[in-house]
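Taken in order, these protein sequences are the chains called A and Z.
Residues 1372 to 1512, numbered by the working numbering, are exactly what the first sequence covers, in order.
Residues 409 to 1074, numbered by the working numbering, are exactly what the second sequence covers, in order.
One or more hints might be untrue.
Examples of chain A residues toward chain Z, derived with CB under 7 Å [stated by the list, open to error]:
#1 T1373
#2 F1435
#3 R1439
#4 A1443
#5 K1462
#6 S1495
#7 L1500
#8 G1508
Keep in mind that the hints were calculated from the coordinates and are not lab data.
Beta carbons: idealized from backbone N, C-alpha and C, even for Gly.
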Amino acid sequence: MTPTLFGRWQTRLFLLATVGVLVTLPFSLGIISPGADPVFFWVLGYVALFGLFWDVLYNYLQKFRWDRDWPAALQLLAGISEAIFIACGVKLLGLPNVARELPLFWFVIHYSLVWLGVFIASQSLMRILFPRWRFKGGQWL
Amino acid sequence: MNSAPLRIQLGWDEPATGERREPRLNVPIALGRDFNGMPAQIQGRSISRMVLNSLEVSRFHVLIDQDSSGLVIIDQNSRNGTLVNGTRVAINTPTPLANGDTLQIGPYQIIVGFALGTQPSPPSSNSPIFFNPNTGLPDPNQPSPPPVVPVGGSAPISRSAFPPPIFQSPEVAVQDLHATGLSVGEVDYVAVGAGLGSFIWADLLRIYGVKSSQIAAIGIESKPYSRYKQLCLNSQIPLHERLRSNSDSCPDNIWGWPSYALREAWHDTVRGRVGNALGYLWQVFSEPTFAQTYTPRAGNVFDSIDREAQRIGWDKMFRYGSVRSIRKTSDGRYAIAFSQTTTGQRNHAFLVARYVHLAIGYPAIKFLPDLQAYREKTNDFKSVVNAYEPHDHIYEHLEKYGGTLLIRGRGIVASRIVQRVYEARHKNQQIRLVHLMRSPKPQGNKFGTSQRQVEHHYEFQPFNWPKACWGGELREMLEKANPQERQRLLADWGGTTTADRRDWKRIVQEGLKLGWYKIEFGEVERVEREPDGIITYIQEKNFKGQMRLEANFIVDATGLDAKVTANPLLNDLVTQYNLPLNPLGRLSVSNDFELVEMRGSRGRMYAAGAITLGGPYAAVDSFLGLEYAALQAVDAIAATKAPGIHRLNCVSSSLQWFKWVANQMP
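The task is simple: from the sequences and hints, build the whole structure.
Shown next as structure tokens:
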């Protein structure tokens, strides 16, 4: 992946709004997790919101790489960092609309599945739907 | 003060193209990025100002002058400093310079030479070997191509003159073509070259809805990868070896999915080699940081192109022929004159087309001038070769009898030769390898806050340009830049690099340690044949004498020549229509890869590949780069509401992808 800042934002928002929502539905309806709970959608929202700022940081770090690329392994590390950040935010500071008692187990399951879904989609689906996407640094618009 | 100004020669390879520059300048000399930022005079003496176009070079970087002790260099408080023979010089302090010293200023590695006029210097431009237009193979006996259009306006119209005299004017009428009596075909789309560039463009046109009957690809080899494959095999990349190309750069698949890594992993899994499969997946996941970059096997790429060529009906589109000339027609299209001459039969024809695509590849192979002089003098075309010429006989000889091979040039091709020699040594330990580089490279290029890695004077980069040049922030940066800035960026990102492969690094280290591989530096004076082999004479620094390098064979691994003037078709086009050339001497194209000056009322002309380097896109000479050029061009054509073509959207793209998977024609 060789994204630009706008590409990161556009891809993140598109995939969270499609794949992210699809993966979150079974959680919020109580099919996977015990009890219907809309908190998972709020978590998804925070991933999107904080992600916009994280992407600025990743874009800056990327400039230290000669190829200006962002390998998948770094995407995984970034995903883990973002999860820890949100978990800390929820447990230590408290985020609006997310209960402090959010069960970490289900949070990790939900987050991992969302991340995995978004990752797989960015490797395959985005290329097939938007053939010019990979030439424009991730911009599909 | 001396009365006569000292004249010295500076020599370097242009980082973006590898072309040699060897200007002779009067001291004092100023080097910097900005001509007007350098002083014109010092103490009443006028300064020779030389521009080095790179962002890593300060506006006024160094001053080379002479004082009582001799030649000195003074760094003008530059931002990135100056290295002399690998050591950084103190700013504003005169540092002595000797004959043969290497300066590193930004990405430029400059060799300083005095003592001119004692030897006749070899021609300063690299001499090309042209591809034989009938066989497509590099042919050292192929003379410089004759002018395309027969000159002499008073010549009567005769069947033997081709292209006919009507081609001497910039516009021809279609009825005049018919009047010559030769066959005149009409299609909407013509791809000139029928190589990889043409194939990728035609493939995209088919995916966008154009029928194969409306596309013609004119070339001399029916398989689109023929020349590419031949050059691979010649330069010691057998079919099982891996190319320097990304996993998702698939000439047969515009979406890049499934990538070659996925295909190879699947292939290996199905055959029980699960470990290998997981290895490839791990590579594409962590490359280049935690794992070596995955690259596809040459054979797999060619097989995939065969499948796609069959799917899109390439053999219906391919027409054997050698395009001689192209002219605009009075009705806004293009007339293409091509020769279909085979042994025993002269056959010429015309094609009239609305959209023309030029992707003819490299017209010639570069050859170092001293090696060219040797070949002309001795008529020995077997012992001194270019790596892109077929030269398996050299390795066969070495395996049987042993001997010494000398490599000139560093880069991916040199690395392949080193690997081949290593493999030959398994058969015969009496093989030695000498690697002659012009100058040491202690440090890699810098750009912004990043720098390339160097080991044993090999500079590493996974592909021939930084990865973001294909579709990332560097692509955007180059497209937005003006021509001056583009030159700078290409100089900073370019230069000679090779792939960071574990096996290659191990071979180099082992060779250096055991002593069968030596790296030497120096400027070659001349190459002679003597009783004990081929001797390369190198001017030693500081006049300590001459160095002699003995070898049985010499391989020139310095690359391919893409100057537009080397190809008769392009030269004719450029001359007839006054087409602008970009700063690297290649065709100037728009962001859509269009030759804007050739636009007609009903048609457009596009170009792709090596002949377009120096414009809005850096990685033109690559699979993915050709796909990008095709996307830009075909999208632009679709926007003109051309016949039978529909711009690809989410739905049509997905549909076409499924057709690809099912091997159904588009």
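Structure-based check of each hint:
{"no.": "1", "hint": "T1373", "in the structure": "3 Å, holds"}
{"no.": "2", "hint": "F1435", "in the structure": "5 Å, holds"}
{"no.": "3", "hint": "R1439", "in the structure": "3 Å, holds"}
{"no.": "4", "hint": "A1443", "in the structure": "5 Å, holds"}
{"no.": "5", "hint": "K1462", "in the structure": "31 Å, violated"}
{"no.": "6", "hint": "S1495", "in the structure": "5 Å, holds"}
{"no.": "7", "hint": "L1500", "in the structure": "5 Å, holds"}
{"no.": "8", "hint": "G1508", "in the structure": "5 Å, holds"}
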